[in-house]
Structure formats: C-alpha cells, structure tokens
Amino acid sequence: MTSFEAIAAGPWGAALAIAAMAAVTFFCRIAGVVVMSRVRITPRMERGLRALPGSIIMATILPVVLDNGLPAMIALTVTVLTMIFTRFDLAALFVGLGTLSLIRALGF
Amino acid sequence: MSTSRPFFSLAGLRHGARSAVPAFPGFIMFALAFGTAAAQKGLSFGEAMGLTGLVYAGASQMVALEIWQQVWSPATILTIVTVTAIVNSRMILLGATLQPWLRYEPKPRAALNLFLLTEAGWLISTRYYNEGGRDVGFLLGCAAILYVVWLLATLAGYFAGALVPEPRRFGLDLVMPIFFGIMLVPLWKGAKPALPWLVAGLVSLAVHALVPGYLFIAAGALAGVIAGMLIE
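As they're listed, the protein sequences go chains A and B.
Following our numbering, the numbering of the first sequence begins with 1 at its first residue and continues without gaps.
Following our numbering, the numbering of the second sequence begins with 1001 at its first residue and continues without gaps.
Each hint should be verified, as a subset may be incorrect.
As the list claims (entries may be wrong) - For the chain B half of the interface with chain A, some residues (derived, Cβ under 7 Å), not all of them:
1) V1055
2) A1057
3) Q1099
4) S1204
5) G1228
6) M1229
Unchecked claim - Sample of chain A residues lacking proximity to chain B, with all beta carbon distances greater than 10 Å (derived):
7) R40
8) L70
9) L106
10) G107
11) F108
Simulated from the structure, these hints should not be mistaken for laboratory data.
Ideal placement from N, C-alpha and C gives every residue a C-beta, glycine not left out.
All chains, full assembly: derive it from the sequences and hints.
See below:
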C-alpha cells in the first residue's frame, strides 16, 4: 500500500475527498474569468454567452417541471404571467407557490 | 443603458443583499434537504459543513452523497472529483460572462466573489448588470448573503431535518424552478434571442431522459451557448 492509499483509507480520507471536490469546484468557478481575460472576445462568443442565462434556466427547470406534471406546469405559467404583469419577483414567487399548493390541496 | 466602468461600493453590497431575498426560499429548501440527507447518510457534522461551506454547489453536493464512502481509496476520491467537475463545469460559462464586470477588481476580491458564485446569485446579478448596473459590490453582497443562508439552512437540516413539515403541501419542493422561471422574464428580448433557450431546453430534456444525475443542466446550458453562437 502506498502512502497516499494509506492516507485515503484512514481518518483523513473524507477530508481529502472534500478538499479535492472544493478545489475542482473553485477551479470551475474561476476558469471562465481567467480564460476570458486572456482571449479576444469575438462577437460570436459574445452572442453565445448572451444566450447563457436563459439557456441555463430552461435546462434546469424544463425536466423538473415536466417530471412534476400538470400542476407544476400550471403553477409555473401563473408565476411567469404574474412576473410579466407586475415585474415584482417576490409577488410572482408567492403567487406561484400559492397556485401550486392550491392545486395540490384540491387533490390534483 | 449605462456603459460606465465597473466600481465597488458598500451601498452596492447592501443593494445586492436586499435583491437576493427572492432566492432565499429556494436556497433554504435545498440546503435543508442536503443537511437532512447528509445526517441520514451518516456524514459527520464536520463532513456535512465541509461540503456545504467549501464545495458550496448544491447539485454536486447531492451527487456526492450518493457516492459517499465510509472508507476512501484513491480511486473513489478520483470518481467523486470527476463527477463534481462534470456537474459543476457549467460554472466555467457563468464565470466567462462575469469577466467584463470583474476586470478591474483586485484579484483576492474577485477570487472571493467567484468562490461565492451560484446560479441564483448570478441570475439576480445578471439582471442588475443588464439594466445598466456596474457596482461589483452588488455581485458580492448578493453572493455573500446567499452563502450565509445556505450554511444556516444546512445546519438546521443536519440537526432538525426530520422536524421540517411536509414541504410539498406548500409547493416548496418546486420553489427553485419557480424562482428560475421568474428570472427568465426580465431576460426576454423577443422570440429570436430566445431560440437558443429552446435548444437548451430540448437538449436538457433528452440528456435527462438518457443519463442519470444532474448532467442535463450542463449539457443544456452548453447547447444553448453553441446555438447562440451559430444563430446570426
């Protein structure tokens, strides 16, 4: 058994795993800034990055909402409509949660 | 639209912290769930708080719990690090969009800001930036308060997770998607700029159907960016 294997198998194994996870996550967090400060940003790259916020949102919520069926779809639609008409994020949040709990309370 | 040079102010810190409030419910629910799951899985308090405070990326923390070991080996550590890197690779893209904003920041403060980077905080800050705001304090204030909320809710989940009443009844299991849906509205600039979003959603659905875990987020995000680059 090499010394690294011995350390990994010992009481420090979990700490080592957490430290390695933290390091690789921090690397992901800073890598974008580091790379972008060293390359010339083309209009094409700018267009791509401009699409990112909406893309991340769609990629995150679409599978979750579809997995949760019609009540989730209705609640999300009501949420988005409330936000469109009020532009007040907290109001939309409470209306959305309220709609979802109401639909579920009615037994759907 | 202001095009002024980025700056840093304490007023911005406060403004950012206030603007983060709509993300609180989502953070609290996710961190409570993680703390509860970590305690059930038999992680020590130090391990749970180490993951939550040092890795600080919800999806990868949940995946880590699934492959958590009682006794570690170099191979299992390599596995968990690889999975973490895949799930969190999307943050490379988030960071890339922040570069113009962080350009003039002192390195340690930029590093702190990026250590605290999360999707929710980034979405709130992107909205502020798109409306012409350039105060880096906003980004840090928003990120810092979300970090504190995250730590406290993990702590509560670890010790008292079993006491939390049925969150489904209040729709709180879906509070994160609802918050994300809200953040989509101010991003809307017409149908054409939203075409990449559609690509992102479809790719995400396909990956979600085919691959277990949270890869669908990174895959969909990347597909959206590529679509954005290709669409004139």
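Consistency of the hints with the structure:
{"no.": "1", "hint": "V1055", "result": "holds (5 Å)"}
{"no.": "2", "hint": "A1057", "result": "holds (5 Å)"}
{"no.": "3", "hint": "Q1099", "result": "holds (4 Å)"}
{"no.": "4", "hint": "S1204", "result": "holds (4 Å)"}
{"no.": "5", "hint": "G1228", "result": "holds (3 Å)"}
{"no.": "6", "hint": "M1229", "result": "holds (4 Å)"}
{"no.": "7", "hint": "R40", "result": "holds (12 Å)"}
{"no.": "8", "hint": "L70", "result": "holds (13 Å)"}
{"no.": "9", "hint": "L106", "result": "holds (12 Å)"}
{"no.": "10", "hint": "G107", "result": "holds (12 Å)"}
{"no.": "11", "hint": "F108", "result": "holds (12 Å)"}
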